[in-house]
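Visitor: Residue-level listing of the chains:
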Amino acid sequence: MSSHDVTITGYLIVLAMLVALQLIATRTRSRIPSLGETLSRVMSTRTGRVGMLVAWAWLGLHFFAM
Amino acid sequence: MSVSSALCRCAAAISPALPAALAPPFRRPRRPRSAPAGRGPAIPGSGRRPGLARRPAARRRLALPLLLAGGLLYAAVAGSFSRYSWPVTVAVVGPGTLAVAIGWQGPPRPRPVRAGVAARRAAWWAVPLVTGGLWELTALAGQPSLTTDSPAHPTISTLTDPLLASHLGRSLFLASWLILGGWLIER
Numbered sequence: 001m002s003s004h005d006v007t008i009t010g011y012l013i014v015l016a017m018l019v020a021l022q023l024i025a026t027r028t029r030s031r032i033p034s035l036g037e038t039l040s041r042v043m044s045t046r047t048g049r050v051g052m053l054v055a056w057a058w059l060g061l062h063f064f065a066m
Numbered sequence: 001m002s003v004s005s006a007l008c009r010c011a012a013a014i015s016p017a018l019p020a021a022l023a024p025p026f027r028r029p030r031r032p033r034s035a036p037a038g039r040g041p042a043i044p045g046s047g048r049r050p051g052l053a054r055r056p057a058a059r060r061r062l063a064l065p066l067l068l069a070g071g072l073l074y075a076a077v078a079g080s081f082s083r084y085s086w087p088v089t090v091a092v093v094g095p096g097t098l099a100v101a102i103g104w105q106g107p108p109r110p111r112p113v114r115a116g117v118a119a120r121r122a123a124w125w126a127v128p129l130v131t132g133g134l135w136e137l138t139a140l141a142g143q144p145s146l147t148t149d150s151p152a153h154p155t156i157s158t159l160t161d162p163l164l165a166s167h168l169g170r171s172l173f174l175a176s177w178l179i180l181g182g183w184l185i186e187r
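For the protein sequence lines, the chains are A and B, in the order given. In terms of the numbering used here, the first sequence is residues 1 to 66. In terms of the numbering used here, the second sequence is residues 1 to 187.
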């Protein structure tokens, strides 16, 4: 297994963890909040709200802007 | 006037349909039983008559398809520009600034956080997010330099380069980015 494959596998594991957490949160009686609920909590303050939107804006800037 | 309020006013001027589309379902105000619709006394403080209050609902029904069409048009046009050029920079900075200005004003409607969403349970989400961030940093550190990609240690940016090389790929990415921003503003 090359280092390229190891790196890709790492990303896939992280993605699988995110999907699994969301499924556990929404499909079971677990007390883990869903991603939407977590974001609602984070964005319930102005700091969190602006922080999340700045992070979103940065994503677009990172991939496209000069 | 502060910078933030100026930006918010600018946001409202640029996109009058957005607050309407994001507003809660309109509820017609209760009117006095004795007053017929449209002919009753003006709603105190509003300067309007009750019958005219239906218009915002119709306006909002129109606003959502208009926003979707505008978003698709934006993605198609902005995706036609090459990456890291001035036109696409303007196309990304515009919505980004608008979203932050709207977000500064607070949520579009009061959204109660589910009882029991404690910070320590929400912290479960930090595990994959921090792991992913560290993994990305590890790949970045494996590059020959910060600006030189490494096929052996690809970052997420490197992996998305082939996708963003085409007009369709850029448009799809920008449409998804816009949808994500709209979803975040709705939170």
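Be careful, since some hints might not be right.
One-sided and incomplete, this derived list gives chain A residues near chain B with beta-carbon spacing under 8 Å [to be verified]: (1) M1; (2) H4; (3) L18; (4) L23; (5) R31; (6) V50; (7) F63.
Partial chain A-side listing against chain B, Cβ under 10 Å, derived [claimed, not checked]: (8) I8; (9) L21; (10) T28; (11) R29; (12) I32; (13) M43; (14) L53; (15) V54; (16) W56; (17) A65.
If you're looking for bench data, these hints aren't it; they were derived computationally from the structure. The structure presented is a predicted model; accordingly, all values stated were derived computationally and were not measured. The C-beta atom is built at its ideal place from N, Cα and C for all residues, glycine as well.
Visitor: For every hint, state whether the structure bears it out.
Guide: Verification of the hints:
no.: 1; hint: M1; result: violated (12 Å)
no.: 2; hint: H4; result: holds (5 Å)
no.: 3; hint: L18; result: holds (5 Å)
no.: 4; hint: L23; result: violated (13 Å)
no.: 5; hint: R31; result: holds (6 Å)
no.: 6; hint: V50; result: holds (5 Å)
no.: 7; hint: F63; result: holds (7 Å)
no.: 8; hint: I8; result: holds (7 Å)
no.: 9; hint: L21; result: holds (6 Å)
no.: 10; hint: T28; result: violated (13 Å)
no.: 11; hint: R29; result: violated (12 Å)
no.: 12; hint: I32; result: holds (5 Å)
no.: 13; hint: M43; result: holds (5 Å)
no.: 14; hint: L53; result: holds (4 Å)
no.: 15; hint: V54; result: holds (6 Å)
no.: 16; hint: W56; result: holds (5 Å)
no.: 17; hint: A65; result: holds (4 Å)
In this structure, the earlier hints numbered 1, 4, 10 and 11 are contradicted, and the remaining ones agree with it.
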